[in-house]
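**Q** So the chains spell out like this:
2 protein chains.
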Amino acid sequence: MTYRVVAISREFGSGGRTIGQKLAERLNIKCYDSELIQKIAEESGFSKDYVKKEDENKPSYWQTPFFTYNYKATSNQDVIWASQEKIIKDLAKDQPCVIVGRCAEYILRDDPKVLKVFIHADEEKRAQRIVNVYGEKTDSPEKRIRDKDKQRRAYHAYYTETDWADAENYDICLDSGRLGIDKCVNILHDLYKF
Amino acid sequence: MTYRVVAISREFGSGGRTIGQKLAERLNIKCYDSELIQKIAEESGFSKDYVKKEDENKPSYWQTPFFTYNYKATSNQDVIWASQEKIIKDLAKDQPCVIVGRCAEYILRDDPKVLKVFIHADEEKRAQRIVNVYGEKTDSPEKRIRDKDKQRRAYHAYYTETDWADAENYDICLDSGRLGIDKCVNILHDLYKF
Numbered sequence: 000m001t002y003r004v005v006a007i008s009r010e011f012g013s014g015g016r017t018i019g020q021k022l023a024e025r026l027n028i029k030c031y032d033s034e035l036i037q038k039i040a041e042e043s044g045f046s047k048d049y050v051k052k053e054d055e056n057k058p059s060y061w062q063t064p065f066f067t068y069n070y071k072a073t074s075n076q077d078v079i080w081a082s083q084e085k086i087i088k089d090l091a092k093d094q095p096c097v098i099v100g101r102c103a104e105y106i107l108r109d110d111p112k113v114l115k116v117f118i119h120a121d122e123e124k125r126a127q128r129i130v131n132v133y134g135e136k137t138d139s140p141e142k143r144i145r146d147k148d149k150q151r152r153a154y155h156a157y158y159t160e161t162d163w164a165d166a167e168n169y170d171i172c173l174d175s176g177r178l179g180i181d182k183c184v185n186i187l188h189d190l191y192k193f
Numbered sequence: 000m001t002y003r004v005v006a007i008s009r010e011f012g013s014g015g016r017t018i019g020q021k022l023a024e025r026l027n028i029k030c031y032d033s034e035l036i037q038k039i040a041e042e043s044g045f046s047k048d049y050v051k052k053e054d055e056n057k058p059s060y061w062q063t064p065f066f067t068y069n070y071k072a073t074s075n076q077d078v079i080w081a082s083q084e085k086i087i088k089d090l091a092k093d094q095p096c097v098i099v100g101r102c103a104e105y106i107l108r109d110d111p112k113v114l115k116v117f118i119h120a121d122e123e124k125r126a127q128r129i130v131n132v133y134g135e136k137t138d139s140p141e142k143r144i145r146d147k148d149k150q151r152r153a154y155h156a157y158y159t160e161t162d163w164a165d166a167e168n169y170d171i172c173l174d175s176g177r178l179g180i181d182k183c184v185n186i187l188h189d190l191y192k193f
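Chains A and B supply the protein sequences, listed in that same order.
Per numbering that gives the first Met the number 0, the first sequence starts with residue 0, numbered consecutively.
Per numbering that gives the first Met the number 0, the second sequence starts with residue 0, numbered consecutively.
Calculated from the structure, these hints are not laboratory results.
Hints are not guaranteed to be accurate.
One copy or two, either will do: identical chains are not told apart, so a pair holds if it fits within one copy or between any two.
[What the hints assert, rightly or not] In silico DSSO-like cross-links for lysine-lysine, where the CA-CA straight-line distance does not exceed 27 Å:
1. 85 / 21
2. 192 / 182
3. 182 / 112
4. 21 / 182
5. 142 / 38
6. 124 / 38
7. 192 / 52
8. 29 / 182
9. 85 / 142
10. 192 / 21
11. 51 / 192
12. 192 / 124
13. 147 / 51
14. 147 / 124
15. 112 / 124
16. 136 / 92
17. 29 / 142
18. 136 / 192
19. 51 / 85
20. 112 / 136
21. 147 / 92
Since we're looking at a predicted model, the values are computed, not measured.
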C-alpha cells in the first residue's frame, strides 16, 4: 500500500505540526497547516482573522437552531466547516501532501490513499513543549493544554460524531513524548514510502 | 529509548497475537499469551479450564458487593486479576518478553521500559480473519466480533477505569487491517531495537 496524503490530527503541544512539516520536507511534498486558514477565508468569504479566531471551534449553544429558533439556520462555524471540507477534499485530489488538523482524517476517511495519523503525548511533556518550543507565556501551561484539548475534542465530536482520541479512527497513533519527534517522522516516512 | 517488554492489547481478530508471536520470534524473546492462563491458574488455585472460561471477563453484577450484601467480598475474577497482576509484573522484571492481552499495558504503565501497543482493524477485515485464519465457524462473524469487543472493553474499563481503544493509553496504535501484519511487526521491531 502506498499513500498520497498524510492527515495528521494532533493534541496541542504534542509536536504534531512539526512532525507534519518534517515529514513533508523529507518527502518533498507540501504541508498544509496555517495556510489552510487563508484558503478557508477565501472560500468562505470570512476574514482571515475571523477564521483564525474560530479555528477548530464548534458553534456555541446560542448559535444552534434550538436557541436561534431557526431550524434551517447555518452557523458561521458551519459555513467555515463546509469551506474547509471542500478545500481539504480538493487538496487531497490535487497533489500528494500532508494536512495538519481540521479533521482532515475524518473528511478523507473513505480515501484508501490517505494515511490517518494521531499524535499525542502526556500533559507534562506537552506543557514543557508549549513553554520551551512555542514560547507560550502562561502561569499554568497544564491548564492551557486542558482547555485546548477540551475545545478540540468538542469540535471534533460536533462535526465527526467520533471521539478524537479513539485509535480506531486512525491507521496509526503515536506518543511523540515517549517515542520522540524524529522517531515519529521516521515511522511515518517509512510507511508512506513503502 | 530501548525497551525490555512489549505489552500488546488487541481487538479480537486483529492479528495482535500473531504480531506478538512474530515480533518475539524476530527479537528472540519469549511471547506470553495463552501460557499466562496456566500461570494464573497455578497462582490463583483455580483450574486452568476455569481461568480460560473467565478469561478477560469482568465480574457480573450479582458477583459485586452490592448484590452479595458483602462489601468485603472478593469475586473470583478479582482473585484472577490479582494473580494476573502479580504474574505480569514478575515476568516483566524477570526477562525481556512480549505479553499479549490481559491489560498488561495498564499493569505495567509506570515502567518506562515497556512499549505499550494497541492493535486494531475494521470489523470487515477482522471478520475475514476469524473465519479464514482462526477457522471460526459462525453464521455471523461480525456479531461474534462485536460481542467479544464488548466483553473485552467492559473488562478493561472495570479493572483499569480507562477506555480500551483510547490512543492516549498507548505508545503506539496500529491498524493491522490497513497496514498489514508484517508491516506492524517491522515497525514494532524497529522501535524495540533502536
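**Q** A separate judgement is required for each hint: does it hold in the structure or not?
**A** Status of each hint after checking the structure:
Taking identical chains as interchangeable, the C-alpha atoms of residue 85 and residue 21 lie at most 27 Å apart only when both belong to the same chain, with a minimum of 26 Å there against 43 Å between chains. Taking identical chains as interchangeable, the C-alpha atoms of residue 192 and residue 182 lie at most 27 Å apart whether they share a chain (15 Å) or sit on different chains (12 Å). Taking identical chains as interchangeable, the C-alpha atoms of residue 182 and residue 112 lie at most 27 Å apart whether they share a chain (22 Å) or sit on different chains (16 Å). When the C-alpha separation of residue 21 and residue 182 is checked against a cutoff of 27 Å, the pair qualifies both within a copy, at 11 Å, and between copies, at 22 Å.
For a Cα distance limit of 27 Å, the shortest separation of residue 142 from residue 38 qualifies neither inside one copy, at 31 Å, nor across copies, at 44 Å. In this assembly of identical chains, the alpha carbons of residue 124 and residue 38 never lie at most 27 Å apart, being 32 Å within a copy and 37 Å across copies at closest. Taking the shortest Cα distances, residue 192 and residue 52 never come within 27 Å of each other, neither inside one copy (36 Å) nor across copies (44 Å). For the homomeric pair residue 29 and residue 182, the shortest alpha-carbon distances inside one copy (20 Å) and between copies (26 Å) are both at most 27 Å.
Taking CA atoms no more than 27 Å apart as the test, residue 85 paired with residue 142 passes in neither setting, with 34 Å inside one copy and 36 Å between copies. In this homomeric assembly, residue 192 and residue 21 come within 27 Å of each other (Cα to Cα) both inside a single copy, at 15 Å, and across copies, at 23 Å. Within a single copy, residue 51 and residue 192 get their C-alpha atoms no closer than 33 Å, and across copies no closer than 42 Å, so neither meets the 27 Å cut-off. Taking the shortest Cα distances, residue 192 and residue 124 sit within 27 Å of each other only across copies (23 Å), while inside one copy they are farther apart (29 Å).
For a Cα distance limit of 27 Å, the shortest separation of residue 147 from residue 51 inside one copy, 14 Å, qualifies, whereas the shortest one across copies, 44 Å, does not. Only within a single protomer do residue 147 and residue 124 lie at most 27 Å apart by alpha-carbon distance; the minimum there is 15 Å, versus 35 Å between protomers. Taking the shortest alpha-carbon separations for residue 112 and residue 124, only the inter-copy value of 17 Å comes in at or below 27 Å, while the best intra-copy value is 32 Å. With identical chains, the CA atoms of residue 136 and residue 92 are never at most 27 Å apart, being 39 Å at best within one copy and 42 Å at best between copies.
In this homomeric assembly, residue 29 and residue 142 never come within 27 Å of each other (Cα to Cα): the closest approach is 33 Å inside a single copy and 43 Å across copies. Taking identical chains as interchangeable, the C-alpha atoms of residue 136 and residue 192 are never at most 27 Å apart, the minima being 39 Å within one chain and 38 Å between chains. For a Cα distance limit of 27 Å, the shortest separation of residue 51 from residue 85 inside one copy, 18 Å, qualifies, whereas the shortest one across copies, 51 Å, does not. For the identical chains of this complex, residue 112 and residue 136 are neighbours neither inside a copy (40 Å) nor across copies (33 Å), given an alpha-carbon limit of 27 Å.
For the homomeric pair residue 147 and residue 92, neither the shortest alpha-carbon distance inside one copy (31 Å) nor that between copies (38 Å) is at most 27 Å.
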